[in-house]
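Number of protein chains: 8
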Amino acid sequence: MAEVLDELLCSSGQGSTTAVASTPEACVDLGRAQRCGFPEVVYGSGKTPQAVVGVFDALLAAGQSCLATRVDEDQAAAVRDRFPEVIFNETARTLRISSEKQKPEGLVAVVSAGTSDLPVAEEAVETIRWMNCDVNLIVDIGVAGPQRLLSRVEQLRKADSLVVVAGMEGALPSVVAGHVSTPVFAVPTSVGYGANFGGVSALLSMLNSCASNVAVVNIDAGFKAAYLAGMVARAAATVPADS
Amino acid sequence: MAEVLDELLCSSGQGSTTAVASTPEACVDLGRAQRCGFPEVVYGSGKTPQAVVGVFDALLAAGQSCLATRVDEDQAAAVRDRFPEVIFNETARTLRISSEKQKPEGLVAVVSAGTSDLPVAEEAVETIRWMNCDVNLIVDIGVAGPQRLLSRVEQLRKADSLVVVAGMEGALPSVVAGHVSTPVFAVPTSVGYGANFGGVSALLSMLNSCASNVAVVNIDAGFKAAYLAGMVARAAATVPADS
Amino acid sequence: MAEVLDELLCSSGQGSTTAVASTPEACVDLGRAQRCGFPEVVYGSGKTPQAVVGVFDALLAAGQSCLATRVDEDQAAAVRDRFPEVIFNETARTLRISSEKQKPEGLVAVVSAGTSDLPVAEEAVETIRWMNCDVNLIVDIGVAGPQRLLSRVEQLRKADSLVVVAGMEGALPSVVAGHVSTPVFAVPTSVGYGANFGGVSALLSMLNSCASNVAVVNIDAGFKAAYLAGMVARAAATVPADS
Amino acid sequence: MAEVLDELLCSSGQGSTTAVASTPEACVDLGRAQRCGFPEVVYGSGKTPQAVVGVFDALLAAGQSCLATRVDEDQAAAVRDRFPEVIFNETARTLRISSEKQKPEGLVAVVSAGTSDLPVAEEAVETIRWMNCDVNLIVDIGVAGPQRLLSRVEQLRKADSLVVVAGMEGALPSVVAGHVSTPVFAVPTSVGYGANFGGVSALLSMLNSCASNVAVVNIDAGFKAAYLAGMVARAAATVPADS
Amino acid sequence: MAEVLDELLCSSGQGSTTAVASTPEACVDLGRAQRCGFPEVVYGSGKTPQAVVGVFDALLAAGQSCLATRVDEDQAAAVRDRFPEVIFNETARTLRISSEKQKPEGLVAVVSAGTSDLPVAEEAVETIRWMNCDVNLIVDIGVAGPQRLLSRVEQLRKADSLVVVAGMEGALPSVVAGHVSTPVFAVPTSVGYGANFGGVSALLSMLNSCASNVAVVNIDAGFKAAYLAGMVARAAATVPADS
Amino acid sequence: MAEVLDELLCSSGQGSTTAVASTPEACVDLGRAQRCGFPEVVYGSGKTPQAVVGVFDALLAAGQSCLATRVDEDQAAAVRDRFPEVIFNETARTLRISSEKQKPEGLVAVVSAGTSDLPVAEEAVETIRWMNCDVNLIVDIGVAGPQRLLSRVEQLRKADSLVVVAGMEGALPSVVAGHVSTPVFAVPTSVGYGANFGGVSALLSMLNSCASNVAVVNIDAGFKAAYLAGMVARAAATVPADS
Amino acid sequence: MAEVLDELLCSSGQGSTTAVASTPEACVDLGRAQRCGFPEVVYGSGKTPQAVVGVFDALLAAGQSCLATRVDEDQAAAVRDRFPEVIFNETARTLRISSEKQKPEGLVAVVSAGTSDLPVAEEAVETIRWMNCDVNLIVDIGVAGPQRLLSRVEQLRKADSLVVVAGMEGALPSVVAGHVSTPVFAVPTSVGYGANFGGVSALLSMLNSCASNVAVVNIDAGFKAAYLAGMVARAAATVPADS
Amino acid sequence: MAEVLDELLCSSGQGSTTAVASTPEACVDLGRAQRCGFPEVVYGSGKTPQAVVGVFDALLAAGQSCLATRVDEDQAAAVRDRFPEVIFNETARTLRISSEKQKPEGLVAVVSAGTSDLPVAEEAVETIRWMNCDVNLIVDIGVAGPQRLLSRVEQLRKADSLVVVAGMEGALPSVVAGHVSTPVFAVPTSVGYGANFGGVSALLSMLNSCASNVAVVNIDAGFKAAYLAGMVARAAATVPADS
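Chains as they are written, first to last, in the numbering used here: chain A, 2 to 244; chain B, 2 to 244; chain C, 2 to 244; chain D, 2 to 244; chain E, 2 to 244; chain F, 2 to 244; chain G, 2 to 244; chain H, 2 to 244.
Mixed in with the good hints there might be a few duds.
Mimicking DSSO-like on lysine-lysine, the simulated pairs with C-alpha atoms at most 30 Å apart in a straight line are [said to hold, decoys possible]:
| no. | chain 1 | residue 1 | chain 2 | residue 2 |
| --- | --- | --- | --- | --- |
| 1 | E | K159 | E | K102 |
| 2 | B | K102 | B | K159 |
| 3 | E | K102 | D | K104 |
| 4 | F | K159 | G | K104 |
| 5 | H | K159 | A | K104 |
Residues of chain B placed beyond 10 Å of chain A at every Cβ, according to the derived structure [unchecked claim]:
| no. | residue |
| --- | --- |
| 6 | R36 |
| 7 | A63 |
| 8 | R71 |
| 9 | R83 |
| 10 | N137 |
| 11 | E170 |
| 12 | G171 |
Hints were generated in silico from the structure; no laboratory data involved. All C-beta atoms in this analysis are idealised placements derived from N, C-alpha and C, irrespective of residue type, glycine included.
Same shape as in the complex, but just chain A (with noise of 0.2 Å):
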């Protein structure tokens, strides 16, 4: 135990897992990366740019990929004009460099029915990519459209774990984990008008979802489906310490 609560004392010091840097305006916790597994991740409503850029700059300087999620224009603007070689996916609405040069470990499937989710599938895609796992992105599979989904069950299957979005009665998750043997996580969506009360009622179709391999997350909340696949993706796809 001893370990544990030096780590934990020693957050203000240089220890490598709990290194912070100052920026103007936030504390980056650079020890992120190596305590769990992934560096900081900067939810950029409310910010203003400059603290966007600042964090950015801070993650750069220690090496770690950055990923921003719920980003505005002018975040975008500014974090290009400093890092020119940023992604800014708009549909998503994140910002993205990684630092990693390594091949990509893990395959992560992310499925949507339509074109309405995709904002938040693209957000999966994003985070799934800044782990650096490989992302299969399949957006013409519908709940009413049988066949559709028939045809990439193959491609589903290949998958180490899977992020599904669906909005308006959210029967998508529970479908697609029917075909197959890794974990679905679930995304309810806002998407719908009427008695779907801005995503409770895929909400909870996919918390009483009959199949056993589905966990739910918040609605919209794109990121963190695909973080939990990404750590379940990584995991599968590397070589257990004492194998």
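The hints should help you fit chains B, C, D, E, F, G and H onto chain A, whose structure is shown.
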């Protein structure tokens, strides 16, 4: 308009569409069969066994078919004592005596995912039989077992209308509706636990169905979905007046 | 079963029921008209004007009727530029081009209480016209003015099915259903204030209707109720195959 | 203002509007009849039989009428032992002893759709009798059977105020209110199943009534609606002080 | 019953209780004043200025008083252009033209806690004036400032009925009702923040009031509470027919 | 910070703030009295009688006071067999053994409207006694009977803090808080029926209180409100360290 | 009791506890400081800039401190024009003028997880300063970063009471409360997305806290939590009258 | 795609992935183990003891492991009669017969706060054993007792994935997740009272977790969380095919 008012006004009279029969505990609307196409139905819950027997007596005396839903053992015993020919469906909790001798017209398919939804599905089946339609009960279709639905598609397409019963995430109606070109009457059931909220999860799924041909009835309302499906099947099976 | 699977499998092929047309922004399901009885419908919300024009192009090239719902002014202008014959219903927010030259079959009555429910009622009317049924729109029936409903009962009884649109307390479908022997497809609207909760009050009323012949669709879903009512009216108006 | 304060302050004294009587389990507010127009009422739920008897003793000693609501068999037996003249309405679950010898003033109509709402309707009836108003109970009016309401309109119009009791979709108050020019006090009941949510469906319908003359009380609160309706009826039936 | 039906049937005729006046955008129910005691009221929301002017024209031509609620600046300007005598209450968002020359009958007290509930309270005040009752507006009573209520009790007791408007915790109606022996019509308002849920908190408080003489209307429905209170006040102030 | 960590780390040791006592079914946190000011409390629900006895044994051996809440008859009997001096409050469903011999410090007033809220109020009373504060229980204050509250205001002002318990509309805390200048800890109770939703109505009222000095705890959580009120009363009654 | 009533009655008089000052738009309760311990506070939302200035004028003339919450830019500018010494906290949206020259008494810690909860936390800070208590704002404590809380425990333990502000899952108050022996006033914020439902998620977490010393206020109600915490801190810091 | 369809089509055949075994009350999906990685599981609720025995018979005959959840005493007795080696976990309400002789692979930690969540935690433990993973059950971690979690951090970090079970405010998953770099599957339980709403409070907390590595399953769904965690642990413990 005279005709309408005349009919409405003579409700205590002896006109054919407004005939009534007084029993000790109820006033049976014998004209209903002619006005609405089908006789009055007994909602058993909370009635005495004698009350149920009384209504059946009056309906049979008028040559009409009888149906009682949500009946208990005592009601069933009392009716069976008086009318040994009654069909008591214990799963459906229904009592039925069909007076019709005519060949059934129209075909309704009643679909449910598993055994726990069976009481609601059986209530639908009994209702459709009482309406003198043919019925096809399919209970082994589950969203998570995709092959089972595929093997039944041909059967489903033969029906003039469908009743689809589902609890938990309530995805079955959407999935089934994608295979047929007839109205699907969806019944959410209270089966499930936790965040199913007594059927609300399935109800919301069905209301938000991405399929255009799904209409919804109240939670556990097998009778109502079947009544609507039977109406449609009979209309489809009948030669139009002007053809 | 071979037939079903064959159909499902050839979805990317040129078979009649599975034919598709690729437009720059969408893949139009041309086989849908044959499979489901009616062509694909465009849900305008969130699409570019060009995308709507593209689908209409593909459908008309295949000799099929076109319907777009929830369209805005820009989409309407773009479609009108390309197809001057299009009918833009501003109240309903729909675009429609009917290819059918045949006499309409089946009659649907669309009923609403007042002028505030009119957009939903008009969306239903346009949908029914696109399905080539006759439609009878009745908008001056209110629960609190009983004489108005009575004067319309004869008209209501002539329809093969009904769409009843209501906000606030949503009582109209129950009251109308007591006068007819056909299915009533009830549409709760978000019209009202305070404890109507965006249509939930009307939705619950309709689900709990004491009338047996009331089925419910999503809040403001005029299209869906009309689609179901049109299906029923056409089935009722068609001579059965085996008669 | 001296008068008001004087009254409020002497609450433990012997003044006429604030007189109290101590029983072993309760302190009876004997001044209430003079202050509020009607004596204190016993809410039986959770009280001992002796407590109910004690309050009745005190009220009768002061020459006041007695009413207890939501009583059980034991409470009823205890009161009947002591006061054989008590009226125990088993359906309403009320106990009542009227001390008044005066001719009733004012007329309230109590309306409900069917037999399942009867306990709430009967509680209203007993309350109105205790207030020494005339009451007209009409239980065979249902929204789905329009002719039944029409035949009762003349009766409804004779009342000085109405109590309308309804479960399920709760549409009856709106429909009744369209026929009268007096206040309608609507009572939603917990009768129904599925999406009625223990009376919430009926409650919301009544709150959203499109009729201007509908006020609402709590679910199953037959007493409260009747108390309000009785107040109105008595005020309407009394010659104003200054006329 | 003939009378009732006759009245209902002649709705398109020239009978006194069913007279109508057609305007370009509406069909004004001129018989309503005689049938229901008060003329038709215009719910301004969503209507064109011309439509409001049209109804006022028709009502005034028939010698009836006019009231429009939830009007905007444009509607107000249009009506004022045509009828300079109109009273536009900007807080209440109402337009009113009183044709009555008779002395007001009956007294209603309108009570609210503070300035934020004033629009709803003022809508109630205007409605009561239109009904030709006297009104007493009391706006400085708050639950948390107990002395303010006490100083107003005498005033409250003089009213024939009360309208009590409250947001936030909605406790005012219960507190006021304990001081009077007349019906209290409680209006929950959407004023507040956080867990007031747009008025639901106040609505539930009022429905659960421990006072027997509190009835509730929809959130922000100042008009409806006032209409009911005005009905009661006029009934109380009128000499009964048989006295 | 060393001190904090040291304390946290030695949790399995024999240090004074982290001492534990192992019983067959529980591990008693004896250091809690020193760390948090008060000993551990037993939540009886679902525990065996022996488990409750065991914890009391350990606490008394360490010279600490004992409190168990939500106990049943069997638990009470078992504890009384072992410790005849235990105080079993049947209404409160609590067991208490006070080890303290010191004079109580601080005064808490516990207020409730009527007898049905008494179990929650009594749980609060027992908790305050166990904390060795004085307590003043006032149960005859109701919102609808304004004179009763006024006669108690002087008493309420003497308390260092208040617990106010209320069901139904939950207005009492707001009304009481207007009379005092100390914190009011409000406890909503599940008492009521219909739209009280098991205490939600009272909970929302209290959260939306217009009084600044009202804080809220969970429904029926008499213990928690009393624990907070007792903390405040003791702090108020204690001479500050630096004075 | 004479004293209480006397005070309540003289509310329009010039007595010290009931003094008022009339401004054009408001009646300022100058006696409140003496009755309740602190002067009246201005809730800025919906008031004119002049109204805010008017109340500040009246309070300062009486030598009392001023606080306005939820103010906008215009209100701030107007007050600053008149009173250049005012402190406008833009994040908190408060205006404050402290008249007190005495040394602050009592210490409150205000804790929040991150920058998005800062407006609510700052409102709490300003309130505590206005109450003349010391305040310690700690904003970098997050549930998911356990080391950050540990490093602050010693600071937290020095406070007389705590305000803990949290959105999303609202877990921070429970976690903090486990480290202190003083009351924790928890403020749920509306910060978050999806299933946080505008703060309901955090609100429910806090109400269900397993820690005994957590009380809850309305969503975003930083002022109210601070007011309660300030009351406690001052009581704790003051020598009791009888010591 | 031929392979997929072939597999789906031969569902009634004897192919390895689609083999079935008919028992009197169920059709056991023997191919599931090969298709999905694990055999079919029996959800005991509502099944006859014979039905459970029948499925176990079929699975064991095919050399597969057996698991039944939510079983009652009668089901347990019947299975034990037939298979004395069955492990009946009374707390978990599970029956388990492991056929596997292989060394377990992968390690899952199951964490809960206290004894009341134990049934759900134990269901998770049994599920993980049935999946032939190692499991580490940690039940003495509570949010309010911070030292207990710290002492377990090293243990938690050794697991390949976690199941965290919590009722009341549901904060435990967020707190635990901050210490590990593996997926956390959070199970809200229905344990608590008042505003926990049968687990909704904990469910919302978990969905809104500020930790990126928390996924959620249905209320009380210990089996489902464990199934997902087991999948992850096995994937992590297995050498990838291509390494």
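Hints, verified against the model:
no., hint, result
1, E:K159 to E:K102, "holds (24 Å)"
2, B:K102 to B:K159, "holds (24 Å)"
3, E:K102 to D:K104, "violated (37 Å)"
4, F:K159 to G:K104, "holds (27 Å)"
5, H:K159 to A:K104, "holds (27 Å)"
6, R36, "holds (33 Å)"
7, A63, "holds (42 Å)"
8, R71, "holds (25 Å)"
9, R83, "holds (43 Å)"
10, N137, "holds (20 Å)"
11, E170, "violated (4 Å)"
12, G171, "violated (7 Å)"
When held up to the earlier numbered hints, the structure conflicts with 3, 11 and 12 and fits the remainder.
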